[in-house]
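Protein chains in written order, with the numbering used here: chain C, 1 to 121; chain X, 1 to 376.
Each hint should be verified, as a subset may be incorrect.
To be verified - Footprint (simulated), chain X over chain C, 3 or more residues, beta carbon under 8 Å:
#: 1; region: 8-16
#: 2; region: 31-38
#: 3; region: 74-87
If you're looking for bench data, these hints aren't it; they were derived computationally from the structure. Here a beta-carbon is modelled for each residue, glycine too, at the ideal position from N, C-alpha and C.
For reference, the chains in residue letters:
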Amino acid sequence: MDRLSIIIFVVGMVVTFVGLILLAIIISLLGKVLNLSSGTRKKTSDNPRTNDTAVSSEEAGNIVNAAISSEDESELVAVLTAAVMAYMKQTPGFKIRVKSFRRIHNDSPAWNSVSSMSLVK
Amino acid sequence: MFSEMINTVVDLLNNSGFVQGDWKNYLMIAVACFLIYLAIAKEYEPLLLLPISFGMLLANIPGAHLSSHDEGSLIYYLYQGVKLGIYPPLIFLGIGAMTDFGPLIANPSSLLLGAAAQLGIFMTYIGARLLGFTPQQAGSIGIIGGADGPTAIYTTTKLAPELLGAIAIAAYSYMALVPIIQPPIMKFLTTKKERQIVMKQLRPVSKREKIIFPIVVTILVSLLVPDAAPLVGMLMLGNLLRESGVVDRLSKTAQNEMINIITIMLGVSVGATTSADRFLNKETIGILLLGLVAFSFGTAGGILLGKLMCWITKGKVNPLIGSAGVSAVPMAARVSQKVGQAEDPGNFLLMHAMGPNVAGVIGSAIAAGILISVLG
Chain C
1 MDRLSIIIFV VGMVVTFVGL ILLAIIISLL GKVLNLSSGT RKKTSDNPRT
51 NDTAVSSEEA GNIVNAAISS EDESELVAVL TAAVMAYMKQ TPGFKIRVKS
101 FRRIHNDSPA WNSVSSMSLV K
Chain X
1 MFSEMINTVV DLLNNSGFVQ GDWKNYLMIA VACFLIYLAI AKEYEPLLLL
51 PISFGMLLAN IPGAHLSSHD EGSLIYYLYQ GVKLGIYPPL IFLGIGAMTD
101 FGPLIANPSS LLLGAAAQLG IFMTYIGARL LGFTPQQAGS IGIIGGADGP
151 TAIYTTTKLA PELLGAIAIA AYSYMALVPI IQPPIMKFLT TKKERQIVMK
201 QLRPVSKREK IIFPIVVTIL VSLLVPDAAP LVGMLMLGNL LRESGVVDRL
251 SKTAQNEMIN IITIMLGVSV GATTSADRFL NKETIGILLL GLVAFSFGTA
301 GGILLGKLMC WITKGKVNPL IGSAGVSAVP MAARVSQKVG QAEDPGNFLL
351 MHAMGPNVAG VIGSAIAAGI LISVLG
């Protein structure tokens with residue numbers, strides 16, 4: 001094997017790694033700085049975050065529209081609440097409170113999920 | 001008058017392809033028809049394989065003089081966009097406008113997997129040199145392991161344009177075969193327990209991060225490897241058009257009309273470089289074999305670093321996402337998802353694999369820049 005091949009192999013892998021490691025470090029720092037500044041702004045705002053939100057079915061449409069473009073969890077809670085309210089609107093006086101939400105581990109077979117999705121559609 | 005008519009018919013017959021062609025032309029036409037069949041019936045990368053194989057068909061019709069090297073023909077002029085390195089960066093502009101780098105920004109360590117998967121490029125370089133290819137040809141063959149068509153074409157036009165047809169066909173064929181090539185290697189290098197690892201949900205990425213990302217990547221990568229700037233710069237420009245949200249029209253044009261037009265011109269003219277006299281030789285067989293080696297080593301490199309990351313993080317990283325680092329967006333990420341789901345139907349690795357997958361595009365562009373810089 002000639003020397004150029006070994007040089008290209010070593011230099012190529014090292015430079016590729018160095019480039020992408022530098023990029024990874026910069027992106028991590030950037031993410032931390034930006035999230036830190038947005039976190040500080042959130043704390044100083046007058047709108048405190050709530051984990052539980054109750055809404056009437058009439059407000060559901062407005063909240064869903066408002067929350068689509070937002071990443072705030074409290075708005076996601078509102079959307080979930082609104083969805084349940086919209087579903088249960090035929091029951092007068094029905095009220096619910098969403099306290100928390102979390103992703104559950106889905107262990108049903110793939111064909112089962114596909115079937116459920118087609119029913120939802 | 002009758003004899004004149006006979007002479008005209010004889011002249012016409014003598015000028016027809018049936019008389020001018022030899023067995024090599026007909027063999028190439030048969031290969032082109034087979035590739036057209038694969039593109040249509042099997043849907044193997046049809047967007048590029050269909051125009052490439054039709055270009056191959058046109059270039060091998062005897063007497064039509066439609067190869068990319070026949071000066072004055074339509075395809076000769078279309079080919080100038082390939083020869084001058086114009087089409088591949090423009091394709092990257094469209095790819096950038098279609099790509100969401102969110103999963104990569106949310107998990108920057110996946111960039112390392114995108115780097116490890118470039119192992120295939122440099123290992124294949126060594127293999128090609130051992131088989132007697134020149135350094136420039138070996139660099140072009142190695143880049144097949146980047147699993148990125150435009151990058152392979154761009155690098156080959158700069159280093160070894162005489163191999164363009166064979167390398168483009170090998171690159172796109174193997175990209176289409178990723179679901180067949182990768183799973184055995186992935187299963188061989190990982191344990192059942194590792195394949196069942198469920199990864200933590202990715203954090204949401206803010207719009208500001210997505211806007212700053214392409215600017216940072218362009219500056220850093222272009223300063224580090226200036227020869228990668230045309231590819232990375234266009235990729236990131238496309239992404240900035242998408243993420244900025246202020247030039248919706250340009251973004252839509254880049255990801256639809258523009259990339260479609262360029263794809264047709266690129267595909268036909270690259271396919272038309274495969275005239276029988278340039279394609280039917282033992283070098284082509286070597287390139288096809290080495291391309292397979294390149295894909296296999298790239299997959300193994302990503303998986304092995306994934307295993308290392310799994311060990312360092314005490315089981316938080318599923319090594320299967322490493323194989324997506326070879327690029328081939330989004331096919332390789334889908335393969336990670338499929339192999340993971342085969343072990344645990346409730347495991348969704350797709351978004352985690354998209355990080356290394358798009359990192360692989362940047363990684364292969366850097367590797368291409370290094371090869372062009374050293375060997376060009």
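Comparing the hints with the structure gives:
1. 8-16: Satisfied; 7 residues make the cut.
2. 31-38: It holds, with 4 qualifying residues against the three required.
3. 74-87: violated (count 0)
Hint 3 alone, counting from the list given before, is not met by this structure.
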